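Chains as they are written, first to last, in the numbering used here: chain A, 72 to 409; chain B, 72 to 409; chain C, 72 to 409.
One thing to keep in mind: the hints can contain errors.
[To be verified] Label-pair distances were calculated between CB atoms; the ranges are: (1) B:Pro113 <-> C:Ser407: 51 to 61 Å; (2) A:Pro377 <-> C:Asn200: 32 to 42 Å; (3) C:Glu111 <-> A:Arg259: 22 to 32 Å; (4) A:Pro377 <-> B:Lys366: 34 to 44 Å; (5) A:His385 <-> C:Asn200: 47 to 57 Å.
[As the list claims (entries may be wrong)] Quick look at which bits of chain A chain B covers, simulated, 3 or more residues with Cβ under 8 Å: (6) 242–248; (7) 253–261; (8) 394–406.
By construction, these hints were calculated from the structure, which means they are not laboratory data. Because the structure is a prediction, the values reported are computed rather than measured. Cβ atoms here follow ideal geometry from the backbone N, Cα and C, with glycine treated the same way.
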Amino acid sequence: MKIGEIAIFLQGNLIGDGEKEISRVAALDKATEAELAFIEKPELIGDLETVKASCLIVPLSFDKQITCPIIQVKQPKLAFAKIAEVLHSKKAVKPEIHATAIISEKAKIGKDVSIGAFCCIGAGSEIGNQTRLYAGSKVGKNVLIGENCSIKQNVYIDDNCRISDNVILHPGVVIGTDGFGYVRDEDRHVKFPQIGTVVIENDVEIGANSCVDRGALGETRIGEGTKIDNQVQVAHNVRIGKRVIIAAQTGISGSVTIEDDCIIAGQVGFADHTTIKKGAVIGAKSAVFPGKIVKKGVWSGIPVQPLDEYKRQHANLRSLSRLKEEIKKLKEKIKSSE
Amino acid sequence: MKIGEIAIFLQGNLIGDGEKEISRVAALDKATEAELAFIEKPELIGDLETVKASCLIVPLSFDKQITCPIIQVKQPKLAFAKIAEVLHSKKAVKPEIHATAIISEKAKIGKDVSIGAFCCIGAGSEIGNQTRLYAGSKVGKNVLIGENCSIKQNVYIDDNCRISDNVILHPGVVIGTDGFGYVRDEDRHVKFPQIGTVVIENDVEIGANSCVDRGALGETRIGEGTKIDNQVQVAHNVRIGKRVIIAAQTGISGSVTIEDDCIIAGQVGFADHTTIKKGAVIGAKSAVFPGKIVKKGVWSGIPVQPLDEYKRQHANLRSLSRLKEEIKKLKEKIKSSE
Amino acid sequence: MKIGEIAIFLQGNLIGDGEKEISRVAALDKATEAELAFIEKPELIGDLETVKASCLIVPLSFDKQITCPIIQVKQPKLAFAKIAEVLHSKKAVKPEIHATAIISEKAKIGKDVSIGAFCCIGAGSEIGNQTRLYAGSKVGKNVLIGENCSIKQNVYIDDNCRISDNVILHPGVVIGTDGFGYVRDEDRHVKFPQIGTVVIENDVEIGANSCVDRGALGETRIGEGTKIDNQVQVAHNVRIGKRVIIAAQTGISGSVTIEDDCIIAGQVGFADHTTIKKGAVIGAKSAVFPGKIVKKGVWSGIPVQPLDEYKRQHANLRSLSRLKEEIKKLKEKIKSSE
Numbered sequence: 072m073k074i075g076e077i078a079i080f081l082q083g084n085l086i087g088d089g090e091k092e093i094s095r096v097a098a099l100d101k102a103t104e105a106e107l108a109f110i111e112k113p114e115l116i117g118d119l120e121t122v123k124a125s126c127l128i129v130p131l132s133f134d135k136q137i138t139c140p141i142i143q144v145k146q147p148k149l150a151f152a153k154i155a156e157v158l159h160s161k162k163a164v165k166p167e168i169h170a171t172a173i174i175s176e177k178a179k180i181g182k183d184v185s186i187g188a189f190c191c192i193g194a195g196s197e198i199g200n201q202t203r204l205y206a207g208s209k210v211g212k213n214v215l216i217g218e219n220c221s222i223k224q225n226v227y228i229d230d231n232c233r234i235s236d237n238v239i240l241h242p243g244v245v246i247g248t249d250g251f252g253y254v255r256d257e258d259r260h261v262k263f264p265q266i267g268t269v270v271i272e273n274d275v276e277i278g279a280n281s282c283v284d285r286g287a288l289g290e291t292r293i294g295e296g297t298k299i300d301n302q303v304q305v306a307h308n309v310r311i312g313k314r315v316i317i318a319a320q321t322g323i324s325g326s327v328t329i330e331d332d333c334i335i336a337g338q339v340g341f342a343d344h345t346t347i348k349k350g351a352v353i354g355a356k357s358a359v360f361p362g363k364i365v366k367k368g369v370w371s372g373i374p375v376q377p378l379d380e381y382k383r384q385h386a387n388l389r390s391l392s393r394l395k396e397e398i399k400k401l402k403e404k405i406k407s408s409e
Numbered sequence: 072m073k074i075g076e077i078a079i080f081l082q083g084n085l086i087g088d089g090e091k092e093i094s095r096v097a098a099l100d101k102a103t104e105a106e107l108a109f110i111e112k113p114e115l116i117g118d119l120e121t122v123k124a125s126c127l128i129v130p131l132s133f134d135k136q137i138t139c140p141i142i143q144v145k146q147p148k149l150a151f152a153k154i155a156e157v158l159h160s161k162k163a164v165k166p167e168i169h170a171t172a173i174i175s176e177k178a179k180i181g182k183d184v185s186i187g188a189f190c191c192i193g194a195g196s197e198i199g200n201q202t203r204l205y206a207g208s209k210v211g212k213n214v215l216i217g218e219n220c221s222i223k224q225n226v227y228i229d230d231n232c233r234i235s236d237n238v239i240l241h242p243g244v245v246i247g248t249d250g251f252g253y254v255r256d257e258d259r260h261v262k263f264p265q266i267g268t269v270v271i272e273n274d275v276e277i278g279a280n281s282c283v284d285r286g287a288l289g290e291t292r293i294g295e296g297t298k299i300d301n302q303v304q305v306a307h308n309v310r311i312g313k314r315v316i317i318a319a320q321t322g323i324s325g326s327v328t329i330e331d332d333c334i335i336a337g338q339v340g341f342a343d344h345t346t347i348k349k350g351a352v353i354g355a356k357s358a359v360f361p362g363k364i365v366k367k368g369v370w371s372g373i374p375v376q377p378l379d380e381y382k383r384q385h386a387n388l389r390s391l392s393r394l395k396e397e398i399k400k401l402k403e404k405i406k407s408s409e
Numbered sequence: 072m073k074i075g076e077i078a079i080f081l082q083g084n085l086i087g088d089g090e091k092e093i094s095r096v097a098a099l100d101k102a103t104e105a106e107l108a109f110i111e112k113p114e115l116i117g118d119l120e121t122v123k124a125s126c127l128i129v130p131l132s133f134d135k136q137i138t139c140p141i142i143q144v145k146q147p148k149l150a151f152a153k154i155a156e157v158l159h160s161k162k163a164v165k166p167e168i169h170a171t172a173i174i175s176e177k178a179k180i181g182k183d184v185s186i187g188a189f190c191c192i193g194a195g196s197e198i199g200n201q202t203r204l205y206a207g208s209k210v211g212k213n214v215l216i217g218e219n220c221s222i223k224q225n226v227y228i229d230d231n232c233r234i235s236d237n238v239i240l241h242p243g244v245v246i247g248t249d250g251f252g253y254v255r256d257e258d259r260h261v262k263f264p265q266i267g268t269v270v271i272e273n274d275v276e277i278g279a280n281s282c283v284d285r286g287a288l289g290e291t292r293i294g295e296g297t298k299i300d301n302q303v304q305v306a307h308n309v310r311i312g313k314r315v316i317i318a319a320q321t322g323i324s325g326s327v328t329i330e331d332d333c334i335i336a337g338q339v340g341f342a343d344h345t346t347i348k349k350g351a352v353i354g355a356k357s358a359v360f361p362g363k364i365v366k367k368g369v370w371s372g373i374p375v376q377p378l379d380e381y382k383r384q385h386a387n388l389r390s391l392s393r394l395k396e397e398i399k400k401l402k403e404k405i406k407s408s409e
């Protein structure tokens with residue numbers, strides 16, 4: 072792709088020669104011939120003389136001297152991500168169904184589907200056009216998978232789950248296993264029925280070794296455009312809205328609702344039946360305790376509090392030694408005045 | 072199963088026609104023809120006119136008007152779980168050993184065993200009657216697996232481990248890998264021998280992607296009827312008693328003892344060599360610090376404290392700003408009185 | 072191996088007969104004929120009359136009466152680990168490439184390599200001499216794996232990653248999947264390019280179901296001799312130094328640096344771009360907050376503080392009820408004196 076074409080694609084201002092070909096993106100300090108880099112905050116960058124990239128994406132305000140062509144845009148990092156999507160789009164691998172894959176005769180496989188070595192697809196399942204199942208991934212019975220999905224190595228999707236279009240499931244992801252629910256009888260735990268499903272909407276990405284349990288009686292649902300990191304646990308009957316971000320090792324208990332556009336950092340824990348309202352942001356390692364409804368805003372702590380309160384509380388905590396000292400002095404003063 | 076038969080099975084009071092057939096359980100708001108639902112707390116349920124279930128399980132005290140037959144029982148949720156076990160018992164799938172499974176000639180396979188595609192079973196291992204290994208699960212050498220177990224997709228069980236009867240291991244579970252133990256030498260970490268085993272007793276269920284390490288020299292043991300959620304880590308030489316409940320993402324360090332009937336919430340951490348006495352309940356995200364022996368009772372916090380203390384401490388923490396204010400006023404008063 | 076030979080290997084003082092053969096190590100209370108045990112702290116051991124081991128490794132100061140031969144050394148546990156390495160070194164399994172493995176014609180396989188059932192190795196990848204890939208492990212394209220590595224069951228290593236010599240990856244480990252990075256556009260999260268690599272240096276061990284993401288544009292690197300426990304998350308562009316110990320369920324966010332010889336306990340969380348200086352020790356369940364540089368020393372808490380401060384703060388917290396009481400009394404005194 073020519074620099075000029077990239078500038079047009081990004082609706083940016085090209086300064087310099089637009090004829091050179093760009094083949095890939097790279098980091099500013101590593102980029103060389105035919106590579107494109109970006110600068111988000113020019114004030115943090117020192118010497119630009121060592122830059123060897125063939126082109127830079129820069130902020131509109133960028134005014135430093137530089138020898139390579141630049142493209143000025145409003146949001147350089149976003150522009151860089153967008154052009155990377157284009158430059159690094161998976162070359163259309165020739166679709167192939169590996170001879171070792173075990174595909175039920177009662178499964179329905181779309182057009183241009185790739186199925187890797189040692190995959191299994193059960194009866195009644197449907198795989199949409201252009202979807203790729205990588206080596207060792209396994210799909211149970213009556214599973215619906217949409218178009219253009221990427222089901223990576225050793226993923227398992229259990230019976231009756233539904234995966235929409237453009238979904239990426241990274242290696243080791245497990246979808247649709249039994250939720251964790253028991254009713255205590257005198258001398259044993261009786262398993263509560265786990266016969267619901269999982270629905271994963273369009274454009275969802277789920278990180279390696281994460282788990283999404285099926286609903287007990289109803290469904291577990293992950294909304295369109297939501298992105299989930301590695302080793303996240305999503306329990307039965309959880310409802311996650313659209314465009315939610317959930318970082319690694321967060322655990323979401325049964326029947327939690329997380330509404331659209333929330334941002335959840337890593338290692339957060341949600342007690343069952345809690346609700347996180349649209350747009351709330353929850354800091355790393357926080358805990359949402361039972362019964363809590365978390366409103367829009369930034370939250371942190373165990374249990375979560377508004378960020379301001381959390382900070383004040385921690386400042387107070389640090390000042391405790393001083394407080395104790397002051398009380399001691401007051402006591403002495405009063406005593407001496409008696 | 073007829074409603075009348077269900078009432079007898081549950082030892083409940085049938086009110087209404089017992090002749091109708093019930094084929095499955097469902098949630099109260101979704102249940103329709105031939106489906107059975109339950110009501111735990113009638114006072115929380117509004118309008119019962121929209122109920123379309125063919126039968127309801129209700130508390131003994133239930134006295135609302137309803138058109139469908141009801142079965143009154145002492146514990147509706149427990150009764151519902153018990154009848155679901157019967158109605159949804161896996162239809163006896165015809166046992167099958169898939170042609171692609173690699174089974175050592177020196178392994179011993181019981182009657183009516185199912186072994187899925189791409190499974191491996193090593194020399195000296197024994198698989199009990201009616202046990203099912205699903206696609207891609209792998210069993211090392213000299214592993215004993217009892218009867219009627221369910222070893223799900225991509226599970227791995229390492230050499231010499233013992234799994235008893237009616238055990239369920241969900242997808243991605245890893246049993247018997249090396250514990251994490253090293254002795255520091257001048258310039259490297261020397262691995263402490265990890266040559267013990269894992270013993271999993273009857274009726275244990277372990278969630279997806281959980282790990283149970285083998286004992287270093289002795290054994291790691293999980294007691295009868297214990298239920299473990301997804302992504303739990305059980306380290307070397309841990310001893311977990313009977314009927315323990317452990318929720319997702321909890322981590323149990325080496326040589327911890329958790330006695331019978333404990334309930335451990337999610338994301339809890341146990342330092343090595345700690346002991347949790349019979350019947351203790353530990354709240355989510357708590358930490359049991361080194362050397363601690365946790366008695367029966369309800370505990371929470373980092374480190375764990377009795378729940379009352381934990382709550383008082385947090386209330387105190389929230390009142391710190393007010394305390395500071397009071398001290399300031401006292402100082403001023405004393406100053407002005409001088 | 073004869074006891075006399077073991078004494079020489081460990082550079083210890085043999086007291087007793089050195090002629091007996093030792094075939095394996097065992098725990099003190101379990102060891103019998105031909106087995107070797109160790110005692111680290113003789114003062115904690117009661118009766119030694121029940122010891123049935125054929126030989127004991129003991130501290131230099133050991134002076135108790137015992138019937139079996141003993142070997143006195145400076146560090147008994149270390150000596151025990153070292154001799155266990157020798158006695159329990161995996162018997163040279165006859166290298167075998169299983170007929171079901173799918174190996175690209177463009178892959179390069181070294182000498183005496185073992186490749187288990189249902190393994191996959193992609194084009195351009197190289198497997199070093201004596202390396203063992205166990206059943207179901209999968210290697211992408213252009214992956215370099217060094218000599219004498221142990222790649223366990225169901226491991227996945229993505230394209231272009233580099234694994235050096237003597238590396239152990241336990242079952243379910245995932246290396247080289249996409250980092251978790253998005254740039255928010257108006258109505259969706261645009262994926263930041265994840266086109267870097269992972270480099271794992273010599274003698275690294277990574278526990279079951281752990282994940283190491285590839286660098287976004289650069290590399291994620293794990294230094295020589297570092298040992299990582301189960302279910303650990305290492306995000307994109309993390310740099311971990313040499314001989315670092317990281318316990319289970321710890322999560323390391325993007326671009327974190329952990330320098331040589333650090334010890335990280337379980338369930339710790341690191342915010343992105345934080346730095347842990349050489350030799351720092353971080354207690355379990357701690358959190359390193361954004362922007363933090365953690366110096367050498369022992370740290371604990373959320374957020375981490377020097378251990379002394381952490382302990383003082385918790386003591387203060389526990390004394391809050393008393394403080395409140397004292398303030399109340401002061402107020403009364405002042406009031407009555409008015």
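Here's how the hints hold up against the structure:
Judged by the Cβ atoms, the range 51 to 61 Å given for proline 113 of chain B and serine 407 of chain C holds: they are separated by roughly 57 Å. With their beta carbons about 59 Å apart, proline 377 of chain A and asparagine 200 of chain C fall outside the hinted range of 32 to 42 Å. At roughly 41 Å, the beta-carbon separation of glutamate 111 of chain C and arginine 259 of chain A lies outside the given 22 to 32 Å, and the hint is violated. At about 36 Å, the beta-carbon gap between proline 377 of chain A and lysine 366 of chain B stays in the expected band of 34 to 44 Å.
In this structure the hint that histidine 385 of chain A and asparagine 200 of chain C lie 47 to 57 Å apart at CB holds, the actual value being about 54 Å. Counting residues of the region 242–248 of chain A whose C-beta sits closer than 8 Å to any C-beta of chain B gives 3, which meets the bar of three, so the coverage hint holds. Check result for the region 253–261 of chain A against chain B: holds, 8 residues qualifying (beta carbon to beta carbon below 8 Å, three or more required). Given as covered by chain B, the region 394–406 of chain A passes the check, having 6 residues with a CB less than 8 Å from a CB of that chain where 3 are the minimum.
Hint compliance for this structure: hints 2 and 3 are not met, and every other hint is.
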